[in-house]
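Engineer: Starting from the known structure of chain Z, fit chain U onto it as the hints suggest.
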Amino acid sequence: MMPIDLQTPSGVTLALLPEILVCAGAMLVLMVNAWKHHTGADSRLAGKVALASLIPAAAALAWLWAGGAEPEGRPFMVALDGFRFASLALILIATAATILLSFGYLEREGLIAPEYYSLLLFAASGMMFMAGAEDLMVLFLGLEVMSVSVYVLAGFNRGSIFSAEAALKYFLVGAFASAFLLYGIALLWGATGQTGLSGIGERLAGGELPLMGKLGLGLLLIGMGFKVAAVPFHMWAPDVYDGSPTPIAGFMATGVKAAGFLALVRILYVAVPDAASTWQPVVAALAVASMVVGNLVALSQRSLKRMLAYSSIAHAGYLLTALWPGTRLGAGAVVIYLAAYVLTTVAAFGILGVLGKGGERDVTLDSVAGLSKRHPWLAFALTVCMLSLLGFPGTFGFVGKWAILSGVVGARHILLAVILVVTSLISAGYYLPVIMAAYMRDAGAEDPLGGRRFDRAGVVTVAVAITVILVLGVLPGSVLNSAIEIAGTLVRTGGSSLVGIGR
Amino acid sequence: MLLGPSLLVSAILFTIGVVGVMLRRNAIVLFMCIELMLNAVNLTFVALSQVLGLGGQVMVFFVMTVAAAEAAVGLAIILAIFRHTRSVDLKNINLLQG
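Those protein sequence lines, which keep their order, are chains Z and U.
For the first sequence, the numbering used here begins at 1 and goes up steadily by one.
For the second sequence, the numbering used here begins at 1 and goes up steadily by one.
Chain Z extracted, bound-state conformation (with noise of 0.2 Å):
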């Protein structure tokens, strides 16, 4: 155990240590763009110097965790627990896989522009500051921070009028979002006269949330429903995937998504356990709509970038699912589930990006046609991927699913646990359809890939994710254990005991 105080600087500066890191980590990469900005050979110098930077934050990390790292007295506007160790963790890595994916992607659209990966690192702090915030005030802080910076990356194909129109459209949705979720802040603190997330939890301890409360309540769920995608509020996030860098729309999918549910989870786990019968009946209606809207328009989708946007949209209600109980199941399955997911996302939006070229607004059913021929590694990843996005048995997706299951179950919302299954099993309707092509149909004169081919660090990132998501798929007993004791250090109460997983 290492108490840490969070009213002293020094206090305040080891708690943030891997932050701070991070945000140091792109100051240098933005001197190094200052200095070295004209070749590609700069640009992937830019590259190696991020991801170097992501060790340190990482070692720092990994020390405050090993550590037990716990706040002195009150939490003070920054969290310290093992839920906000993991959710760094998951950040750190979606951060780490989208840099190596995007360095065989700039060149070979002639993005020169090592600044590039500045912006992915001050987007990542932004994250991590938002997925470890005790203050609603830091929430929105790092929200804003990871926004900007991904609407510039989204519009960073600047020869590009579609990544133009995509950055301007999620910049339009997002500032309306941020403005939602900041009056929902405001009228949370009007109700409680608190920011600090387990000072509002303590003040509406037992009572009733007053109108003020439910109303900032909503807002804010308005506001994380937009950033994270859930229907109806999704209608953004096609058009902006479609639009954007590949990488980016990979790092949106997974880490914007990530960052705005661990926030959501906290929020709602931590400041507002005690109204769960006022935020319950919103989040269920959330999941729902997203599950089934997300799932059967995913369906008619003939382009595999817009189909991966519905089907990032269908996760995100999963996810509201997973969170819906409340307890400390609850918990753990989002943390579980992310954790597939992002793995499995991340390796998806990377094989994709090496299938197309000019953005990749191109990719259809067609285009896999055949690849099992030609490239059987590319068309076992791929594989791999729709089916850890499915969930089939075998794959850690389906333990992500299995770990929501059994949250939703144990808290006797039957319903919902019907709802999922229904809606993931129509989802192989547009999953399977692509492994068939790659594997039964025949493959045109014309190689799938067009002579374009994986760098070295595309495919160590796509391998290791594959591993991960099998052998984690087989093997889930200790990732199972881990999650809910992650859970346990944010919920002390109900849904303890691991019924049925983890053995």
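No false leads were slipped in.
Only some residues are given here: those of chain Z computed to face chain U with a beta carbon under 8 Å:
1) Leu172
2) Tyr183
3) Gly190
Residues from chain Z that keep clear of chain U, each with C-beta distances beyond 10 Å, as calculated:
4) Gly201
5) Asp362
6) Met436
Hints listed in this document are in silico derivations from the structure and should not be mistaken for laboratory results.
Where a beta carbon is used, it is the ideal one built from N, C-alpha and C, also for glycine.
Structural biologist: Showing chain U alone in chain Z's frame:
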């Protein structure tokens, strides 16, 4: 002073902003409506800080900083769109169909 009326005014301003975002089709006007929403929230913060202490006024400074950063990036994005389409009207910006 005047806590109720101030909160009411800020709620009305926020609603005007939301309606503006829904109805207007010019990117710059949309952006102005979003700024209106943010400033309505600022008014809420200031009004509530009469009762709840100076914390609210500090938050207003944060919000103003964030709005400035957002304006810098947002106007740059709108400029990028203008270079491509010679227009900032959203009805001309429809290449990506949802």
